[in-house]
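Peer 1: Add chain P to chain U, keeping to what the hints say.
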Amino acid sequence: MKTLKNRSIIFLLIILSISVFADNKDKKKVSTLVFKVDGVCNMCKKRIENAALIKGVKMATWDKETQKLQVIYQPEKTDEMTIHKAVANAGHDTEKVKAPDKVYEKINDCCKYRDGVKPH
Amino acid sequence: MKQKGLILFLLLAIPFLGLTQSPAELVKGIVAEINEDGEKSPLVGVNIFWEGTTIGTASNGNGEFEIEIITETNKLVFSYVGYENEIVQVNNERFLEITLNSSVELDEVSVVKRQKTTTISLLDAIKVENMGENELLKAACCNLSESFETNPSIDVSFTDAVTGTRQIQMLGLAGPNVQLSQENMPGLRGLASIYGLTFIPGTWIEGIQLNKGTGTVINGYESIAGQINVELRKPEEADRLYLNLFANTESRLEANLNLVHRFKDEKWSTAILLHGKDNSKKFDHNNDGFVDMPTGHTVTALNRWKYIGDEGLSFQAGVKVTSLKNEGGQMNFRPGDAFTTNAWGMKIDIERLEGWAKIGHVFNDQPWKTFGFQFSGSTHEQDSYFGLNDYDAKQNSFYANFIYQSIIGNSNHQFRTGLSFQYDKFDEQLNGSNFDRKESVPGAYFEYSFLPTESFSLVAGLRADHHNLFGTFLTPRLHIRYAMAELAVLRLSAGRGQRTASVISENSGILASSRQILIQGNRDGKPYGFNPEVAWNLGMNFTQKFLLDYREGSFSVDFYRTDFDQQVVMDLDQNPQQAIFHELDGKSFSNSFQAQLDYEVVKRLDVRLAYRWYNVKTTYGDELLKKPLLASHRAFMNFAYQSRNYWKLDYTFNWQGKKRIPFTSSNPVQYQMNDYSPDFVLMNAQVSKTWNERFEIYVGMENIADYKQKNPIIASDDPFGPYFDSSLVWGPIFGRKTYFGIRYKIR
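Chains as they are written, first to last, in this note's numbering: chain U, 1 to 120; chain P, 1 to 747.
If we strip away everything but chain P, and leave its shape as in the complex, we get:
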């Protein structure tokens, strides 16, 4: 469209140029191609310009052109999409007859330009998978915890069979070991580390950056298994209006609306992002007396502002409010039955308020030099019960980070340094026991990047933090990148991570059971009586990109090893009536291997194949056991096809190997589970069609094979008895589901 406009403009402008200027010397000519019949046929709209200049024109409807002769160069370039460029030396000729040859290569280049849904840069020292908007659209639903359906690096499972809460795992380690940040500010921590994922709707997300293993020291010391950063819609570039409506056959309804306004001064812009979700009908497909998915609603709203000044100064700020109300349990449960044995029920109410601000400055004459301030604060309140377990919690957090970036000598030596401060105040109450804590951690960091050649780079970071409860600790992290060829990169990473385990909120699934919760921490003044978790991560990955038959592909393998020095272990194996939390006494590690192949096998058909293997073991009591409810083997396949007229088809196949189930053999026979779960297959598919790049309809199906874990709740017939347990979920708890929705955009 733009090009046509330009051509039109040029065509209109040429005669006037001729009129207003003194008669200049012109070259005239005609551009054509040889068609299938061997005849010359004119080419319309060929770009014709003097090499290295912006002086140019385009051929008209008869393939004719004329262009003024300039003194700087005599090389005239003819360029047309799908044809080989032709460069002609113009000496004394004043009329040119040019024939362009169509080129297979160039035709394919235009296909390759179709953006890959997930990209990995070969140039960064840290391997980062960048999941773009189109990757997220492959799973139509609906929030961050559901966005990883097409990403083999992340496993998504349910915390329990009652609350319908999804949790993520990376390198076989639970989600809280992954540092989640929102626009590079640590956000979803502590109480929000599990539920927080559902508070970021898919339509708000512009992209997700994911890296396994140790990360940068700039954003803190907490990441152990990896980091996930979410970039939200930016007011300065997002669609002015974006509406998404979604419904599924289980009466889940969602509505999302993004509104963006850019002010006329081109400096200020603002965005309002809204999300509402409602689940009103109770279903019990497996006839265990329990509602499959809790009913309730979630409302969340965000408003952000951005200012981009002329002098390299930028400023942004935003607020977000979230309210979640969920109810579940037995079909006959009414809120009046709470804390009685009339019926088993659960309720989760969460209110959360977040605010943040960022100020950044780039020095215009010294573009390598920037500084930035980041601030964020949140208050999070959860009011909940699970049967007779009463759990209420509150968290107030504040975060500040000052980052200064510059070079040493020249731009081959770069550094980032700064100061940070993290404050958290927790008040938790579980069945009358109080767990309060205050953590305040000032820190300083320095990260040096050395980029001597195209094939080698190194990033070394060190941070020192002083924790009010745990004292001073150091966090070293190192990344090395070596490119053995133009398209092959080997990377190594090593680093330390430390975090305070919020043992109750991170393991909230066990609250939906009759297990007695024993927190065996005996360190005075420490959170729950425990030391922090400390782990070292070593990683190695290799990425090879290739061009085969003019279509792009990539192959990658990675291996990561995580070793815990200190860990808070949740032990479900000692006794099926207990959940024991104790400090690690012995080994605890995770080994993870993954191989992945991405290739466009036929034009516009992208295929992703992946296999991953985990060996995650922890010492429970005095026994080194496999981590429960985690598959050692997983195979993954995704096909994504896009037709020329904007039909999109997406199919995902997921095979998970058997998983170890915690010990239940001391239960009565009817309340026992096998030692291992069977392996199973999950398949999802989606079709969508877009009109005018504005309006889109999508229909999809989850769990096509309708595979379910048959009895996800132990002793569902006796929920107040000692054997009741809904936390041993190894497979899908919902059967086949169909959904549909629409998207509407205005640029």
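Isolated chain U, as found in the complex:
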């Protein structure tokens, strides 16, 4: 029991140091992109953010009030249009790419921003 506990302390310390140092070594260049995405609710928010979190995207935050999506990504791994397309493919129109009608039809009724559902 005692060795288990001591091992777990060492294990935690190792995780801690790896996560702190590995994370900081990873100083690859990142860029920030902000563009408008249509959506109305918190369910949309998570859908938009998850859609934007493709390979190479570190963080995606959509604001319901301003309808703006902020994306922080690594330009070496992805680019602006790919992110726009990824979001549109989840059913949300972006500034540059319109979502395919088929996908839009499938999103929840409470999220149907094209059909007059207001932000809620």
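Among the hints, erroneous ones may be present.
No farther apart than 20 Å at their CA atoms in a straight line, the calculated lysine to aspartate or glutamate pairs in the EDC-like style are these [what the hints assert, rightly or not]: (1) K96(U) x E72(P); (2) K98(U) x E72(P); (3) K40(P) x E72(P); (4) K306(P) x E206(P); (5) K68(U) x E206(P); (6) K267(P) x D284(P); (7) K64(U) x E486(P); (8) K358(P) x E236(P); (9) K29(U) x D365(P); (10) K118(U) x E86(P); (11) K118(U) x D549(P); (12) K347(P) x D310(P); (13) K118(U) x E206(P); (14) K626(P) x D563(P).
None of these hints come from the bench; they were simulated from the model.
Peer 2: Then chain P, alone, in the frame of chain U:
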């Protein structure tokens, strides 16, 4: 006000824009509504802007407007509070006649926007009740221990009938099982776990976050029943001046003054918070020969500084000093009678000094990445006597925490990790016996948050700490959130808590009795000879928010189970002349259920109804008994009304069921109590009126029905005899009290 200014600015600016720029194409028009007589009447100050841009204007006194045509869009938005938005496509038209329809919905939205006094976020994995400033104002008085009057999750009771000290309980467990932190740093521990609550004045508090059950591992391993975090006034945003004066009919006087200064560089700010309390008159309303509320005074002062830099760096530091002097006991007691049997008296002197600092850094280009250092230190000295019981204690504490926060891959996988260190040195003396201890606990922790979808999230934390007296131990904690609908959330939590019981200071009420204190700990080198308390907590809660008739409401139910593996039990049932402390040998648990409904039944009238049930049992000696002096049933009702012209009315109704009273049947008949207390009702009410959002007057009444526990002190006629006991308090010891006060603010 701001909006008017903006409109004025826009109105003034428009002609100049026209002059300075090359003549651009304009759209002109008029905005109106159809009034009750069916006629068009112009609307003033309607916001008119091109959709998705900040280019806009407002209609003038005749409802007229003009706006430059832009190439980006042809959709023109008309927006006015209380009216439906109108979006018009402008193609070749150069003059528009717009009629807006008033909308019931929008009108109500402006009401809903009125901030709820207590809010619960549906998005966090941990259920946190956020009590804002307005919740605290419902009880005008006066410090943290009195702030929970309108919160059904917390029970407040008196430790004894002599010192007037309030203690809190959560899930039916005593206050020290709740981790109290100040701005997320564990603060009120050990000697301060009971009295410390009175050292945080209500006017200093910006908000209280309360969560039941297990918490996060970031702030330590100590919480068993739950956690309460207090956020104090922040120099960067608090009112520049805030004055509060309070008096009640029992000659309690309080003065609070907050002063805030923000420096011109917009980086530095500072706040000075002052509090003074004075109770000078002795009252004995129940004619038992004892002062109802001790006389004395409390002075506390805090100064804090904050620096917010451009590069994501922030720094803050503060110091706080507290001095409390209280005297009580028999009406005829004079300080010269101390430690004699001339008269029974008590004195508590506390001096406390605290300091803290925090450094935080956010990486501007990687906003998910932050690190922070937290340091705090305190020294606490108590000098006291209760009749012939002499109790002096000192505690020095130091705390450090390093927190690093970042993501794994992307922001759906977040983690926080770090190292902490807690040091405490206690010197306690009770009637010549010394209880000294040193605890030093370095620890490491890691907490992972998984947020894959809108409806599910999970927080799993683990910490390992090495205690110099108890060895290494692990603290796992888990939180799961599942949203079955947009407004309905189910949460589960499970986790371990461990703490060292400071048996004397946490049970100081029994010092105000003739009970012989027997500490039956026999583990060498351990605090009081006892192992630490260890408990597991399992919880489940469900919150449903709803919108009914355009007014917001919420319904929640929760169930928590706490199981003690190890506990230090205070046993008052073996013998009414003894208080025996022993290690738990058998079962000890708490089951708690609560249902609560919050709804705005009529415009601006908020109602809160709650019911809670406890089953808290502990093995005393070899018998599993209900925890004494705790009501199994409690019902709660709060009405809060606010008129359009800033009158506020608040009414709280509190029913507490019967409570078990420890065994007294071996006492002479006149010194016995019943096995159970009766149930009783407590009611409070308050009225206040605000002028110009600056000046406020409030008047209130506590215990309107004037219900009192008749003889809270056993053998008050013979305080040096073997039967004297003031610690069996189950009900209110003060009758009806009226108070009044003023508040004055400058933004």
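Peer 1: Give a verdict on every hint.
Peer 2: Here is how each hint holds up against the structure:
Restraint check: the Cα-Cα separation between K96(U) and E72(P) comes to about 13 Å, which is no more than 20 Å; the hinted pair holds. Distance check on the hinted pair: K98(U) and E72(P) sit about 17 Å apart at the alpha-carbon level, within 20 Å; holds. Only pairs whose Cα atoms come within 20 Å are accepted, and K40(P) paired with E72(P) is rejected, the gap being roughly 32 Å. About 16 Å separates the Cα atoms of K306(P) and E206(P), which keeps this hinted pair within 20 Å; it holds.
Between K68(U) and E206(P), the direct Cα distance comes to roughly 31 Å. Violation of the 20 Å bound is thereby established for this hinted pair. Between the alpha carbons of K267(P) and D284(P) the distance comes to roughly 53 Å, so the proposed pair goes past 20 Å and is violated. A C-alpha spacing of about 15 Å is found between K64(U) and E486(P), which places the hinted pair at or below 20 Å, so the restraint holds. Proposed proximity of K358(P) and E236(P) is supported: the alpha carbons are some 15 Å apart, at most 20 Å.
This hinted pair checks out: K29(U) and D365(P) have alpha carbons roughly 9 Å apart, not beyond 20 Å. In summary, the hint linking K118(U) to E86(P) is supported, as the alpha carbons are separated by about 13 Å, within the 20 Å threshold. For the given pair, K118(U) sits about 18 Å from D549(P) by alpha-carbon distance, which is consistent with the 20 Å threshold. This hinted pair does not check out: K347(P) and D310(P) have alpha carbons roughly 51 Å apart, beyond 20 Å.
Proximity of K118(U) to E206(P) is assessed by CA-CA distance (about 34 Å); at most 20 Å being required, the pair is judged violated. Simply put, K626(P) and D563(P) have alpha-carbon atoms about 14 Å apart, close enough for the 20 Å limit, and the pair holds.
Hints 3, 5, 6, 12, 13, counting from the list given before, are not met by this structure.
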